[in-house]
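Participant: Sequence:
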Amino acid sequence: MAFLSSSSSSPAMQKGIFLSVPVLVLSVSFAAAVFFLLSSSLSSCSCPPSVIPSRNDAGVASSGDVRLEERISPTREDIEWVRDLIRSNGLHMQKNELRKGINPRTRDQQLIDLKQYKGISHYEGEEANNHTALPCPGELLVEQHHSNYGEPWAGGRDVFEFLAESANLKPSSRVLEIGCGTLRVGLHFIRYLNPQNFHCLERDELSLMAALRYELPSQGLLHKRPLIVRGEDMEFSKFGSGITYDLIYASAVFLHMPDKLVWTGLERLVGKLKPYDGRIFVSHNVKFCSRLGGDECAKKLASLGLEYLGKQTHDSLLFNHYEIWFGFRRFKT
Numbered sequence: 001m002a003f004l005s006s007s008s009s010s011p012a013m014q015k016g017i018f019l020s021v022p023v024l025v026l027s028v029s030f031a032a033a034v035f036f037l038l039s040s041s042l043s044s045c046s047c048p049p050s051v052i053p054s055r056n057d058a059g060v061a062s063s064g065d066v067r068l069e070e071r072i073s074p075t076r077e078d079i080e081w082v083r084d085l086i087r088s089n090g091l092h093m094q095k096n097e098l099r100k101g102i103n104p105r106t107r108d109q110q111l112i113d114l115k116q117y118k119g120i121s122h123y124e125g126e127e128a129n130n131h132t133a134l135p136c137p138g139e140l141l142v143e144q145h146h147s148n149y150g151e152p153w154a155g156g157r158d159v160f161e162f163l164a165e166s167a168n169l170k171p172s173s174r175v176l177e178i179g180c181g182t183l184r185v186g187l188h189f190i191r192y193l194n195p196q197n198f199h200c201l202e203r204d205e206l207s208l209m210a211a212l213r214y215e216l217p218s219q220g221l222l223h224k225r226p227l228i229v230r231g232e233d234m235e236f237s238k239f240g241s242g243i244t245y246d247l248i249y250a251s252a253v254f255l256h257m258p259d260k261l262v263w264t265g266l267e268r269l270v271g272k273l274k275p276y277d278g279r280i281f282v283s284h285n286v287k288f289c290s291r292l293g294g295d296e297c298a299k300k301l302a303s304l305g306l307e308y309l310g311k312q313t314h315d316s317l318l319f320n321h322y323e324i325w326f327g328f329r330r331f332k333t
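So for the sequence shown, full-length UniProt numbering puts the first residue at 1; every next one is plus one.
Hints are not guaranteed to be accurate.
Label pairs and their calculated CB-CB ranges [claimed, not checked]:
1. PHE319 / LEU222: 23 to 29 Å
2. PRO275 / LEU318: 29 to 35 Å
3. LYS95 / LYS300: 51 to 57 Å
Below, simulated SDA-like cross-link-like pairs (lysine to any residue); rule was C-alpha separation at most 25 Å, straight line [to be verified]:
4. LYS238 / ASN285
5. LYS287 / LEU317
6. LYS95 / LEU140
7. LYS95 / LYS115
8. LYS224 / LEU255
9. LYS274 / PHE319
10. LYS224 / LEU301
11. LYS170 / LEU292
12. LYS299 / TYR322
13. LYS170 / SER121
14. LYS311 / LEU206
15. LYS260 / LYS224
Rather than coming from a laboratory, the hints here were simulated on the basis of the structure.
Even for Gly, the Cβ is constructed at its ideal location relative to N, Cα and C.
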């Protein structure tokens, strides 16, 4: 049996081995070519949108954290996520006081230290000299200007969300704020919009100093180059003659102006508002209009090329903030 097995298989095996080498080489080459073609076609295919990772409308893909679209307001899912995180961590405000800190001090106490030590760092002698390129007053460093408003500083984010979504803004849009103060609202527009696309007219020097010497640098927004102009009497010549805006807004500013000046400003602004799609928003009330009477106001608006779009109320999801806004549009070119 051993002889038969060895004698009968030896020639065949030798012949088979001789024939299988080129076959094996060809087979491996063919398989490699097929694999190369398949991998190339898969890498170049257009995958259906359903397989692109997304985060529930949030506009951020999980792969590489690439921003697919700009998101403005939080979603209900965002709010529930925060609530769950607060609950799961057992967080409770104790008497509405934040008491912990390495060296807790009031703003007034911080300001005393800043003036005494000529800056944030507590050094004496030559080391006490301020070497910063843009020295910032202590009042700004302790953010006293955040208290100069009738509403909390956080309300600025809320106003931005309402206006940006009501006007269907995109980063490429242009926005003009009348009376931007220390940029409580404007900071959020500046961050969202493309560089140079936020403009502001403000009359108060101290507010402008706070905006330029503290808020923009501290928020890392100097590169956005907003055009901020000191002026009053609704004079917009410094913004250029060929610019049109997608949104023009005045938050609690027209309340403090004579009606005649408000109408002068609207007359000058009409030509700077994009026809049909552009929006003017005024907060709180439009007594400059209602004091004329309904028919007279409508006629005066129409003579300017403006149309009143009605009253909108905005109730915040975040900051205990409720506000009334009045909208206008330019109805002809």
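Participant: Evaluate each hint against the coordinates.
Facilitator: So, going through the hints one by one against the coordinates:
no. : hint                        : result
1   : PHE319 / LEU222: 23 to 29 Å : 27 Å, holds
2   : PRO275 / LEU318: 29 to 35 Å : 34 Å, holds
3   : LYS95 / LYS300: 51 to 57 Å  : 53 Å, holds
4   : LYS238 / ASN285             : 28 Å, violated
5   : LYS287 / LEU317             : 28 Å, violated
6   : LYS95 / LEU140              : 28 Å, violated
7   : LYS95 / LYS115              : 32 Å, violated
8   : LYS224 / LEU255             : 30 Å, violated
9   : LYS274 / PHE319             : 31 Å, violated
10  : LYS224 / LEU301             : 34 Å, violated
11  : LYS170 / LEU292             : 36 Å, violated
12  : LYS299 / TYR322             : 30 Å, violated
13  : LYS170 / SER121             : 41 Å, violated
14  : LYS311 / LEU206             : 33 Å, violated
15  : LYS260 / LYS224             : 34 Å, violated
Checked against the numbered hints given earlier, this structure breaks hints 4, 5, 6, 7, 8, 9, 10, 11, 12, 13, 14, 15; the rest are met.
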